[in-house]
Amino acid sequence: MSLRRTPLHALHKELGGRLVPFAGWEMPVQFGGVVSEHLAVRRQAGLFDVSHMGELRVSGPKALPLLQRLTPNDVSRLVPGRAQYSALTTDSGGFVDDIIVYRRGEESFLVVTNAANTARDLAWIRERGGTAAECVEDLSDETALLALQGPRAQPILQTLTDLDLTAVRYYRFAEGEVAGVPGTVARMGYTGEDGFEIMVPADRAEELARRLFDAGAPEGLVPTGLGARDTLRLEAKMALHGNDIDADHSVEEADLGWIVKPDKGEFIGRDVLVAQRQNGVTRKLVGFELRERGVPRHGYPIVVNGESFGEVTSGGHAPFLKKSLGLAYLPADACEPGQAFEVVIRGRPVPAEVVPTPFYVRPGKKKKKKKRAAAAAV
Amino acid sequence: MIPDDLYYSKEHEWLRLEGDGSATIGITDHAQQELGDIVYVELPDPHTALEADDVMGSVESVKAVSEIFCPVGGTVTEVNESLEDAPEVVNSDPYGEGWLIRLRLDDAGSPAATMLSAGDYDKHVASEE
Numbered sequence: 031m032s033l034r035r036t037p038l039h040a041l042h043k044e045l046g047g048r049l050v051p052f053a054g055w056e057m058p059v060q061f062g063g064v065v066s067e068h069l070a071v072r073r074q075a076g077l078f079d080v081s082h083m084g085e086l087r088v089s090g091p092k093a094l095p096l097l098q099r100l101t102p103n104d105v106s107r108l109v110p111g112r113a114q115y116s117a118l119t120t121d122s123g124g125f126v127d128d129i130i131v132y133r134r135g136e137e138s139f140l141v142v143t144n145a146a147n148t149a150r151d152l153a154w155i156r157e158r159g160g161t162a163a164e165c166v167e168d169l170s171d172e173t174a175l176l177a178l179q180g181p182r183a184q185p186i187l188q189t190l191t192d193l194d195l196t197a198v199r200y201y202r203f204a205e206g207e208v209a210g211v212p213g214t215v216a217r218m219g220y221t222g223e224d225g226f227e228i229m230v231p232a233d234r235a236e237e238l239a240r241r242l243f244d245a246g247a248p249e250g251l252v253p254t255g256l257g258a259r260d261t262l263r264l265e266a267k268m269a270l271h272g273n274d275i276d277a278d279h280s281v282e283e284a285d286l287g288w289i290v291k292p293d294k295g296e297f298i299g300r301d302v303l304v305a306q307r308q309n310g311v312t313r314k315l316v317g318f319e320l321r322e323r324g325v326p327r328h329g330y331p332i333v334v335n336g337e338s339f340g341e342v343t344s345g346g347h348a349p350f351l352k353k354s355l356g357l358a359y360l361p362a363d364a365c366e367p368g369q370a371f372e373v374v375i376r377g378r379p380v381p382a383e384v385v386p387t388p389f390y391v392r393p394g395k396k397k398k399k400k401k402r403a404a405a406a407a408v
Numbered sequence: 828m829i830p831d832d833l834y835y836s837k838e839h840e841w842l843r844l845e846g847d848g849s850a851t852i853g854i855t856d857h858a859q860q861e862l863g864d865i866v867y868v869e870l871p872d873p874h875t876a877l878e879a880d881d882v883m884g885s886v887e888s889v890k891a892v893s894e895i896f897c898p899v900g901g902t903v904t905e906v907n908e909s910l911e912d913a914p915e916v917v918n919s920d921p922y923g924e925g926w927l928i929r930l931r932l933d934d935a936g937s938p939a940a941t942m943l944s945a946g947d948y949d950k951h952v953a954s955e956e
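The listed protein sequences derive, respectively, from chains B and H.
First residue of the first sequence: 31, per my numbering; consecutive thereafter.
First residue of the second sequence: 828, per my numbering; consecutive thereafter.
Rather than coming from a laboratory, the hints here were simulated on the basis of the structure.
Some clues are possibly wrong.
The calculated lysine-lysine pairs, modelled on DSSO-like cross-linking and capped at a C-alpha distance of 30 Å, are [to be verified]: (1) Lys950/H <-> Lys352/B; (2) Lys950/H <-> Lys837/H; (3) Lys353/B <-> Lys294/B; (4) Lys43/B <-> Lys837/H; (5) Lys92/B <-> Lys395/B; (6) Lys294/B <-> Lys352/B.
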């Protein structure tokens, strides 16, 4: 099977990107090196091509009821111009995919999906949405998505647009021109830094990327690849579908219960998720640090109190924090920070400890207190 | 680019004969480039006896872990302890300060019989790409 290419493929090559297969796409894993790119995003800015992600337009009178049925978050609470993190849930409350839902108008929505899942998501929506699924249109091929991330993202982007970016707060978006290219600018990201995701027509993406690099050069903007994207999101404890979240682990188990809004009414997986919230879960996704040297990686076995308990879902060396970190599902009674367990690294059990997450919180960002609806509120 | 005075393995280790029955072993510039930023190096304990093709340790980059095979038989006499705090030296100076271990060779046999010359290694790398 030939690999698909994003509209920025030629630019990636020109910039010295090392291209590798990823989810059926040929994508840059790195340019200058994962560590230097990671640090550039923490300190200045990086530009990621995430055009491989899927974009689905959902519009018409059936759009809102369809999304309400397919996702656990409350789409009716979104006013136009806002977006929300959500999921396509299975009957058992697991993840078909994690998604972002944008509301563009009363009856107009946009759903951003993971690259590897777009085709499956569409099939799922058609299977479970019935006739309402007719209001879903796949815009992935004609849409490019660029993620400009880092503390200098806003000043760089502001030089290229008349949109008032200070008014585009977290998980809000505005539609307008950037460097003369019409698009959607949303403040969000997958790095733990401030930043924007910019959606533009595929045939204008290279033009926009070049203008961004020109405007960003004095600010230290660098091209960044999937390698740094993975290490950045891990430090910020953002889940990766296929690693940390999947159909076999529920939204509550993944510690993402905040996207579950049972009061909104029926949705796929609601019964299981409500029961889990009331009765508790048997396992939960937690963050850990290794207490001795070594690098925990996806798939390494975990031992809790002498017994095997699953695997590391994501792990690695965190370039900014300079620690060996990971995520794993642990038994519900062994999830508190300070809990000791072992990660088996090539046959050798290495001590690890549950730590509070996110591992990394950017300077100036308030740590959100988890507003967990009490069981009574369900 | 590829030093002439070293021997090479197909698994991208290099070996330098020290002339006193010992050898120094590291990974090649090509290997460090492929791995990317190296964050952790695991090496054997001194006095470990190794046979040719034994796993002698591992080099981990941000992206991946790669096992290091000992290209010849011998007993470890020294490991590069400075890599514990500065594993990135394997990236910046793979043939010099980024060496991994020193080994007392098992017998007088030359690695020439089993390892590649610089020219052959160069061709091997080209054939992998």
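(Q) Tell me if the straight-line CA distance from Lys353/B to Lys294/B falls inside 30 Å. (A) It is violated: about 41 Å lies between the C-alpha atoms, which goes past 30 Å.
Q.
For Lys92/B and Lys395/B, compute the direct alpha-carbon distance and say whether it is at most 30 Å.
A. Violated: Lys92/B and Lys395/B sit about 38 Å apart, past 30 Å.
Q) Is Lys294/B close enough to Lys352/B, meaning Cα to Cα at most 30 Å? A) 42 Å, violated
Q: Mind checking the alpha carbons of Lys43/B and Lys837/H for me, to see if they're no more than 30 Å apart?
A: 28 Å, holds
Q. Regarding the pair Lys950/H and Lys837/H, is the alpha-carbon distance no greater than 30 Å?
A. 10 Å, holds
Q.
Hinted pair, alpha-carbon criterion (30 Å max): Lys950/H, Lys352/B. Please report holds or violated.
A. 37 Å, violated
Hint check: violations occur at hints 1, 3, 5, 6; the rest are consistent with the structure.
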